[in-house]
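*Asks:* This is what each chain is made of:
Number of protein chains: 2
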Amino acid sequence: MKIQPVIMSGGSGTRLWPMSRNARPKQFLKLVTDRTMFQETALRVHDESGAYLNPVIISGRKHGAIVTEQLAEINITPAEIILEPCQRNTAAVAAVAACWVARGEEDALILLTPADHHIADAQGFRRAVETGAKAAEEGYIVTFGIKPENPHTGYGYIHTGTQLRPSIFEVAAFKEKPDIETAQKYLSDGGYFWNAGIFLFSAKAMLDELERHAPDIRKFASKALDGSALSGAALRLDEPAFERCPANSIDYAVMEKTEKAAIVAPVDVGWTDIGSWSELDASQNADNIVTIGSKNNVIRTDGPAVGVAGVDNLIVVATSDAVLVARRDNAQEVRAIVEELKKRGRTDLL
Amino acid sequence: MKIQPVIMSGGSGTRLWPMSRNARPKQFLKLVTDRTMFQETALRVHDESGAYLNPVIISGRKHGAIVTEQLAEINITPAEIILEPCQRNTAAVAAVAACWVARGEEDALILLTPADHHIADAQGFRRAVETGAKAAEEGYIVTFGIKPENPHTGYGYIHTGTQLRPSIFEVAAFKEKPDIETAQKYLSDGGYFWNAGIFLFSAKAMLDELERHAPDIRKFASKALDGSALSGAALRLDEPAFERCPANSIDYAVMEKTEKAAIVAPVDVGWTDIGSWSELDASQNADNIVTIGSKNNVIRTDGPAVGVAGVDNLIVVATSDAVLVARRDNAQEVRAIVEELKKRGRTDLL
Numbered sequence: 322m323k324i325q326p327v328i329m330s331g332g333s334g335t336r337l338w339p340m341s342r343n344a345r346p347k348q349f350l351k352l353v354t355d356r357t358m359f360q361e362t363a364l365r366v367h368d369e370s371g372a373y374l375n376p377v378i379i380s381g382r383k384h385g386a387i388v389t390e391q392l393a394e395i396n397i398t399p400a401e402i403i404l405e406p407c408q409r410n411t412a413a414v415a416a417v418a419a420c421w422v423a424r425g426e427e428d429a430l431i432l433l434t435p436a437d438h439h440i441a442d443a444q445g446f447r448r449a450v451e452t453g454a455k456a457a458e459e460g461y462i463v464t465f466g467i468k469p470e471n472p473h474t475g476y477g478y479i480h481t482g483t484q485l486r487p488s489i490f491e492v493a494a495f496k497e498k499p500d501i502e503t504a505q506k507y508l509s510d511g512g513y514f515w516n517a518g519i520f521l522f523s524a525k526a527m528l529d530e531l532e533r534h535a536p537d538i539r540k541f542a543s544k545a546l547d548g549s550a551l552s553g554a555a556l557r558l559d560e561p562a563f564e565r566c567p568a569n570s571i572d573y574a575v576m577e578k579t580e581k582a583a584i585v586a587p588v589d590v591g592w593t594d595i596g597s598w599s600e601l602d603a604s605q606n607a608d609n610i611v612t613i614g615s616k617n618n619v620i621r622t623d624g625p626a627v628g629v630a631g632v633d634n635l636i637v638v639a640t641s642d643a644v645l646v647a648r649r650d651n652a653q654e655v656r657a658i659v660e661e662l663k664k665r666g667r668t669d670l671l
Numbered sequence: 322m323k324i325q326p327v328i329m330s331g332g333s334g335t336r337l338w339p340m341s342r343n344a345r346p347k348q349f350l351k352l353v354t355d356r357t358m359f360q361e362t363a364l365r366v367h368d369e370s371g372a373y374l375n376p377v378i379i380s381g382r383k384h385g386a387i388v389t390e391q392l393a394e395i396n397i398t399p400a401e402i403i404l405e406p407c408q409r410n411t412a413a414v415a416a417v418a419a420c421w422v423a424r425g426e427e428d429a430l431i432l433l434t435p436a437d438h439h440i441a442d443a444q445g446f447r448r449a450v451e452t453g454a455k456a457a458e459e460g461y462i463v464t465f466g467i468k469p470e471n472p473h474t475g476y477g478y479i480h481t482g483t484q485l486r487p488s489i490f491e492v493a494a495f496k497e498k499p500d501i502e503t504a505q506k507y508l509s510d511g512g513y514f515w516n517a518g519i520f521l522f523s524a525k526a527m528l529d530e531l532e533r534h535a536p537d538i539r540k541f542a543s544k545a546l547d548g549s550a551l552s553g554a555a556l557r558l559d560e561p562a563f564e565r566c567p568a569n570s571i572d573y574a575v576m577e578k579t580e581k582a583a584i585v586a587p588v589d590v591g592w593t594d595i596g597s598w599s600e601l602d603a604s605q606n607a608d609n610i611v612t613i614g615s616k617n618n619v620i621r622t623d624g625p626a627v628g629v630a631g632v633d634n635l636i637v638v639a640t641s642d643a644v645l646v647a648r649r650d651n652a653q654e655v656r657a658i659v660e661e662l663k664k665r666g667r668t669d670l671l
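So the sequence lines, in the order shown, correspond to chains A and B.
The first sequence begins at 322 in my numbering and counts up by one.
The second sequence begins at 322 in my numbering and counts up by one.
Treat the hints with care, as some may be off.
Identical copies look the same in the list; a pair holds intra-copy or inter-copy alike.
Claimed, not checked - Only pairs whose alpha carbons sit at most 25 Å apart, straight line, appear in this in silico DSS-like list of lysine-lysine:
no.: 1; residue 1: K616; residue 2: K664
no.: 2; residue 1: K525; residue 2: K578
no.: 3; residue 1: K663; residue 2: K616
no.: 4; residue 1: K506; residue 2: K383
Just so you know, these hints were derived from the structure itself, not from any lab.
Please model the entire structure based on the sequences and the hints provided.
*Replies:* In structure tokens:
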């Protein structure tokens with residue numbers, strides 16, 4: 322069994338402003354370890370056994386160079402770098418991935434993973450992939466259900482159904498981000514898992530299900546790949562075709578409709594979707610951070626010294642041209658700041 | 322009657338870090354208006370009538386150039402710029418001022434004023450000086466008692482005694498910064514005024530009282546001026562002599578001991594000692610400040626954009642190399658940050 326990793330690196334990460342910028346979105350930043358989240362992702366789906374093929378990267382049109390550079394730093398050779406001329410959400414990415422694999426290593430299972438998640442236990446993650454592969458080979462589109470550690474209201478949940486195999490279940494239902502009461506109920510009821518947004522499937526299964534539930538996505542993704550052209554070392558999807566591709570998530574376009582959804586659960590690998598500054602640990606122990614009588618703050622700087630006195634539960638992020646101060650329990654408001662800067666035409670800060 | 326303004330510009334202003342730096346302390350910053358506080362002070366003691374002589378500036382040894390530059394910007398010619406080789410507090414400055422005037426315009430009254438206070442009503446301030454001049458001409462050392470607007474615990478208070486003239490009283494007592502209960506009592510009792518640290522006196526009166534209560538301050542200040550040498554356009558006090566001058570405040574060394582203390586009160590001119598960020602108004606309406614769901618914050622930047630979301634009652638100050646976040650009701654803690662940076666040897670940030 323071969324695994325074809327496909328890394329989705331097209332996100333913009335506005336909630337991690339001011340470090341995350343259009344030119345260098347969060348997945349290309351060193352936010353958790355001394356490697357970028359994109360690099361950690363590439364290393365996670367890489368092993369010396371030969372089970373994992375070289376990765377395909379699907380990224381924003383402006384990020385070909387940064388992808389190339391960051392892979393070179395960790396000595397990983399991409400099988401392909403595919404650039405999206407515009408953002409069309411994850412179903413389009415899955416469709417492009419499936420089309421690309423169908424033309425080559427068509428027997429490989431596609432492991433479609435976001436570039437901006439942190440997973441502490443990479444080996445445990447690969448064991449979960451191995452578990453899921455059995456179902457994926459039978460035509461299931463396999464998701465990974467993270468064991469919830471708390472009633473998180475920022476994640477989607479998956480409710481497990483009939484057990485198919487050890488640690489593999491049919492999906493009973495996908496659940497939107499819940500309110501806190503519902504999240505607490507999920508936690509106490511059991512059988513509910515965080516939707517990690519990571520998928521394992523054969524090209525055939527995905528193309529069949531797209532054909533059934535989202536034929537235009539399959540059609541225009543396929544055309545976009547057919548019409549793609551080399552742009553430097555990368556493959557650039559055909560813009561007119563890709564623009565016509567409906568923008569939808571895999572969850573909405575396929576997973577909630579197909580009868581082929583399966584879930585590996587529980588997966589317990591130290592997974593975090595670094596969706597906002599709140600998800601990060603408290604302050605780095607940095608030379609240029611001074612805290613006096615303060616606790617439980619997320620403090621980050623990529624240059625300026627930061628002095629914090631007498632404040633708790635804040636996010637403080639400093640770069641040379643922009644500073645963010647926000648409540649840790651309301652990190653979503655960062656988006657509103659970015660929106661306001663956009664209105665003011667401050668593209669230099671976006 | 323002539324007034325010889327002497328502007329005390331020797332402060333370091335660490336509580337206004339990170340904008341206030343050793344090389345450019347707070348009095349040389351545009352914190353309140355579009356002129357620096359030093360410039361506002363120089364303009365306040367300047368009028369076209371000829372009553373006010375060109376000012377004498379007494380400043381830190383490193384700030385001769387900045388004083389010259391900032392006076393040139395507002396077209397004021399200094400009578401003298403005197404540089405202190407070390408800090409010896411306000412009594413030494415008063416002594417130097419009195420010695421300097423005694424050698425020239427000895428009949429002029431010396432108006433000794435800090436460079437880092439904000440006074441909204443400059444004309445009202447000059448009217449108060451005019452009122453005080455009558456007592457100063459009779460040999461009183463005149464202070465100015467600001468009408469308290471609230472039970473401020475960060476200021477010293479002066480209790481008025483016997484009335485000497487309209488709006489002029491003897492000083493009954495100087496009161497240290499009070500606790501909140503005491504400050505509230507002062508406010509309800511009446512007869513207590515904020516000590517603005519501004520003084521009006523003849524050279525003879527100050528020299529006599531120094532001779533009586535602090536003879537070493539008079540002696541070494543005088544020697545330091547005798548031994549002074551030109552340093553560029555400024556006069557640099559003799560270092561060995563000035564170092565031997567005891568460091569004490571005018572209040573302690575003279576005012577609390579003399580029988581010649583008088584006070585003009587009430588003075589109601591919109592006075593603020595810009596001692597910390599807390600004293601400043603809430604955020605500037607700046608292009609590069611974005612606030613979302615936040616109120617009552619003091620936000621300042623001299624370059625970087627600042628985005629603030631969901632926080633109240635904070636101080637946020639951004640410069641290109643340092644950022645401060647502190648509680649508005651505890652702005653004193655800024656000093657602890659500066660101390661810690663000093664310990665770490667980060668002189669680049671001080």
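*Asks:* Each of the hints needs a verdict: does it hold here or not?
*Replies:* Structure-based check of all given hints:
no.: 1; hint: K616 x K664; result: between (34 Å within a copy, 21 Å between copies)
no.: 2; hint: K525 x K578; result: within (17 Å within a copy, 96 Å between copies)
no.: 3; hint: K663 x K616; result: between (32 Å within a copy, 22 Å between copies)
no.: 4; hint: K506 x K383; result: neither (43 Å within a copy, 66 Å between copies)
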